[in-house]
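Q: Residue numbers (my numbering), protein chains in the order written: chain A, 1 to 483; chain B, 484 to 966; chain C, 967 to 1103; chain D, 1104 to 1240.
The set of hints was computed from the structure by calculation and includes no laboratory data.
All the pointers check out, no bait thrown in.
Partial list, computed: chain B residues near chain A (C-beta under 10 Å):
1. Glu570
2. Gly739
3. Leu741
4. Ala742
5. Gly789
6. Ile791
7. Trp793
8. Ala824
9. Thr830
10. Met836
11. Ala838
12. Leu844
13. Glu847
14. Leu848
15. Asp906
With a straight-line Cα cutoff of 25 Å, these simulated BS3-like cross-link-like pairs (lysine-lysine) come out:
16. Lys672/B <-> Lys900/B
17. Lys540/B <-> Lys528/B
18. Lys1073/C <-> Lys592/B
19. Lys475/A <-> Lys537/B
20. Lys56/A <-> Lys941/B
21. Lys460/A <-> Lys1131/D
22. Lys987/C <-> Lys958/B
23. Lys841/B <-> Lys366/A
24. Lys1124/D <-> Lys1107/D
25. Lys358/A <-> Lys930/B
26. Lys900/B <-> Lys987/C
27. Lys1188/D <-> Lys1107/D
28. Lys458/A <-> Lys540/B
29. Lys841/B <-> Lys358/A
30. Lys849/B <-> Lys366/A
31. Lys358/A <-> Lys941/B
32. Lys820/B <-> Lys475/A
33. Lys447/A <-> Lys841/B
34. Lys1213/D <-> Lys109/A
35. Lys1180/D <-> Lys109/A
36. Lys900/B <-> Lys994/C
37. Lys1205/D <-> Lys475/A
38. Lys1076/C <-> Lys1014/C
Just so we're clear, the structure is a prediction, and the values are computed from it rather than from any experiment.
The beta carbon of each residue, even a glycine, is placed where N, CA and C say it ideally should be.
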Amino acid sequence: MELHNRKLDDKMFENIRKEVLKQWPTGSEVNFDEAIEYHKKLPKKKIFAARMEKAKKSGETLIQPRAGVALVDEQIELLRFLEEEGEADLLPLTIDSYTRHNRYEEAQKGIEESLASGRSMLNGFPAVNHGVLNCRRINESVHLPTQVRHGTPDARLLAEITLAGGFTAFEGGGISYNIPYAKNAPLEKTIYDWQYVDRLVGMYEEAGVHINREPFGPLTGTLVPPCISHSVAIIESLLAAEQGVKSITVGYGQCGNLAQDVAAIKTLEILTEEYLKKFGYHDVVVTTVLHQWMGGFPQDEAKAFGVISWGAATAALAGATKVIVKTPHEAMGVPTKEANAQGLKATKQLVAMLADQKMPLTNELKTEMEIIMAETRSIINRVYELGEGDIAIGTVRAFEAGVIDVPFAPSRYNLGKILPARDNNGAVRLLECGNLPFSKDIIDFHKQKMEERARFEKRKVSLQMVIDDIYAVGKGRLVGRPR
Amino acid sequence: MELHNRKLDDKMFENIRKEVLKQWPTGSEVNFDEAIEYHKKLPKKKIFAARMEKAKKSGETLIQPRAGVALVDEQIELLRFLEEEGEADLLPLTIDSYTRHNRYEEAQKGIEESLASGRSMLNGFPAVNHGVLNCRRINESVHLPTQVRHGTPDARLLAEITLAGGFTAFEGGGISYNIPYAKNAPLEKTIYDWQYVDRLVGMYEEAGVHINREPFGPLTGTLVPPCISHSVAIIESLLAAEQGVKSITVGYGQCGNLAQDVAAIKTLEILTEEYLKKFGYHDVVVTTVLHQWMGGFPQDEAKAFGVISWGAATAALAGATKVIVKTPHEAMGVPTKEANAQGLKATKQLVAMLADQKMPLTNELKTEMEIIMAETRSIINRVYELGEGDIAIGTVRAFEAGVIDVPFAPSRYNLGKILPARDNNGAVRLLECGNLPFSKDIIDFHKQKMEERARFEKRKVSLQMVIDDIYAVGKGRLVGRPR
Amino acid sequence: MKSKTLVMGVIGADIHSVGNKILEYALKQAGFNVVNLGVMVSQEEYIKAAIETDADAILVSSLYGHAEIDCRGLREKCDEAGLEKVSLYIGGNLVVGKQPFKEVEEKFKKMGFCRVCPPGTPPEVAIRDLKKDLGAE
Amino acid sequence: MKSKTLVMGVIGADIHSVGNKILEYALKQAGFNVVNLGVMVSQEEYIKAAIETDADAILVSSLYGHAEIDCRGLREKCDEAGLEKVSLYIGGNLVVGKQPFKEVEEKFKKMGFCRVCPPGTPPEVAIRDLKKDLGAE
Ligand code: B12
Ligand code: B12
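Here chain A stands alone, though its shape is the one from the complex (with noise of 0.2 Å):
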């Protein structure tokens, strides 16, 4: 293996296939002809790429759950529950953390420990154990465009299952999900492994069948600065591009200063769309996405749902495409199906209440974005300097370098070095910028940000400020202020 940001071509796609579909018993159940002819069968109000490219032409926000549990019957009982009491718009199919890590035996164990308990003991739905034949019941059981959720370095085998059942939209890539989701997988490796997904639903794609991607923007949920997530969000835009993808969706995690927060969302989109344009990618259609807040939760159920809330607020104003929504139970573990409704519930409530507001172009608002956007540019263009002009290639050097260095990653493939911390007014700057290949202005702006707020709580711009603000939202302050 070599990795170039190149196609990969059809014959050493075949061979890796080979390969892949046997990691598992079910990957024998994968038929790719037998699956187009399937999709094409799919009402097009379940192709999750054309319901998302109708909400950007309208304008609206659609709001998304998270939902996996062990077993199918269960897994259809909540996804129904979603869309009939919680008024989703869109479906997800959460993978359980075992086959995340390609632990099928412990998954297997998982699904038979629920099984004679009575409640789900796996954090998510083990598709890759329960196969093609069972997504695509679980596919036929809904009524809404469904997308598979995870967090899978090597997604090969699960990807492969999940299309052929059915589903129309596959989160990840091979930074997003190896970075916050792994310790030790390297990302040559991921990388590669993900090349491989992108040139599935490139393959998809070339057979007539839309399959939405989407890199999944938060990284590792806690005050990740939007540059960092733009970045990534960019660079894997340009990997599936190049391997055929037609339909991605790009996302932010919302860290709760709403001009910034509302800035991040517009940028992301402008800045995805020019490096698309800008490598020679013209068909792509790029939608936004923003999670609501990804940190810590209050454990207070109201308290959650004051958060869920100003998420929903902040999509709305933003303007994003969707927004994935959290729910009452966060701080406390996985949600019952009437705590994920109540969390839509409240979503809905507010991104239909606010439909018909946007946030003005403000100074601001293009403050913020003008930061962003010079941010992102230095960031992406060391990134392609790093491999003298192959993407993929630039990004391994970048990790290593800590040119993108994500915060409080557990993969040691992340430097670490940069810290974030919340400015005077809650937006999150770096009180540290590590390695980050930013002009001595960028430096200045966030140093000076930090002094601000040094200044007015009467400390030193100092590590317990970051502690303080990994904390806060789950005290009720956005800010961690000394008590």
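We have chain A; now place chains B, C and D with the ligands onto it with these hints.
A: Same frame as chain A, now just chains B, C and D with the ligands:
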């Protein structure tokens, strides 16, 4: 009785007082001098005016519930729960509807039936029937400043009893507790009766005891355009200041469009201060309150949380001094203490999370502020003219003439000619300006806004829009679009 | 067939006027002959209006929670006044607090109301029921 | 008195690294000798590290809900490896879903953990308990 905006003279006041205190046996418990002594011993943190002034200075947004039940011990339990579990900053004593209409016999029946049935049969606390000592018992059982909240056209006895009872704030006014709360009460009479209440507060002030007064901002709670509620708030502030009131909180019921709501809170403070100064009242402290959406709520509790949270966010972004909180039970009935605490906690989470963000002064905001100020000034100035320099007389004539006109009000002293409806962005405009003394520019502005919506909805501007808007929030929208 | 006459109003010390105005509008649109007494209506006022207009039904609204106390004896007083044939409807937020509607319905049916409508009942439903019950149009 | 040694890490296929980093920082600040194995730690890795560093306690974190499956047999394996004296702590979001904590606590105590900490337990509490249990400082 002849109405003028002039401080009631002491002798007349004492004559009326004798009559008032005879209206119900508990009146005999009132002893003004002893009450002053009692108030002077209250700890500072229980003084409403002081807490509001502190919040104004530090830029906090305080949170306050509504809460009232039939019996004393239950009222104490309720308030303690709201301060501890609900994290309220300010407490209410919400009065029942019989007391509001001086029907103390029926209130007594309600107390007895509540004792018998073991649940509150009244929608509030009948303070007059319970008397001064029971009020003090409540007051002494809580730790926060507590306000009497009601809706009483003739609140003289209620004020005597509850102020002697040690409460430090009293809501209402001769207009705001008549027009939305009564059918047959002449304005001359209610304004006159409220001069008594304000004079009583003035006497407390002269004796060195601070009592906060709050005109009821939201009026009918249903699509009330800011200029109408602002005019009433300003007039009641002027009337109160004349009687010696020194701490006034002016209020506004959230309409749902962020720019309009922020503009409303900002202009409310600016205009009230401006008119108070203009008329020579220089030592009145003006603070503001935003009421979370006061119209019909969604029945679903999760959706109600969405509405509540949006009100909380609006209050914080507008910088209101306090916010009055709704509950997830709103559409169904008087909330349990648990539901009440939930509304508070969702609100607390958001006002604290957004404490460090303010809405920047955008062009959109500036335009909204200018239109509200122009409209309100034209109303107040016309009221002044109609009263030939006397704002009390002017008010009576203004209501007769429809120069002030409250939508959907039950009072026959309200013309009921204006029709409010939402524009295409959800701001409340006038579909029918009635007899409001507006310039052609302002009338055209409203017309144009309504036509813009009509074009978008492909239907004519009509009463159906108003009806659709009244139901909209309950059905999960802000603008009542045709189905 | 002649159009049916309805007397409507909000009972007791209740001033919730918004729903009252909208309900009147919808009932008139639907072809009923409507006598709206507005808010703060006493039992006597309903009865007087029903006699004067030879009404087919009385529609009582109560939003503020005191309906139990306010409506006691209304059916009996109607009967005494010779209004045995007049149907009594009630709707709104009838009791204090969020209570299971089944129990509320029973309570008011026992008090002589023929239809008890839960919080937020839309006019369409009220109109459908009235047409059915009164055999109108 | 010599400072106590703690082995810590997030068990199984769990990658929640934020709390792990913060807990390490807080424990070090509090004077403990901390060996942090990071995320995705297997039972064998904990045991190996505890033997090598002569640890006083092993702090297992599990956020993602699979702790029941991941921790099965850990106490027994420790004992077999001669770590009978090492205390086992566990904290995080231990089961799938929001369940009454009393039940969760019992379940894990039966599995041989001496302290079971509910979701969101702040480092201060962990430190207080550790000092008490280990008789440190
Ligand atoms: C951020 C986050 C993520 C990030 C993690 C990034 C990263 N690499 O760290 C991302 C988005 C990648 C993620 C992924 C997933 N997550 Co997650 N995540 C969270 C979230 C929102 C916050 C966690 C956090 O960082 N908190 C802040 C830190 C400071 O607190 P902490 O982790 O609780 O740790 C503190 C204490 O618990 C204590 N502590 C911890 N361990 C120990 C041990 C001892 C002995 C003691 C004394 C104390 C102690 O000290 C720590 C420091 O103060 C929580 C929900 C929440 N809490 O609000 C869900 C949550 C933990 N995640 C959950 C799940 C299910 C997942 C996923 C499976 C995806 C999914 N289905 O949605 C994947 C798992 C992937 C995997 N293989 O592990 C669930 C677990 C459910 C359950 N137990 O029933 C939670 C609870 C959300 C939910 N309600 O569904 N997640
Ligand atoms: C707006 C409002 C007010 C305004 C009213 C202005 C006015 N003059 O109209 C103000 C702010 C002044 C107000 C005051 C009070 N209110 Co109020 N108010 C509301 C609110 C938010 C909306 C009501 C409304 O206009 N809805 C829109 C209209 C279109 O719907 P509707 O009124 O439900 O009517 C429709 C249907 O119910 C149906 N219908 C009605 N009657 C009938 C009859 C029949 C036969 C049929 C078939 C159908 C039918 O048709 C109508 C048209 O569609 C409700 C809660 C809610 N629903 O969200 C509380 C609510 C009704 N109020 C309540 C209370 C308690 C009060 C106060 C006592 C103050 C307090 N403690 O907070 C005072 C009462 C004063 C008094 N003496 O009556 C409570 C009643 C509690 C209970 N029953 O347990 C409620 C439910 C709020 C709550 N959860 O606490 N209120």
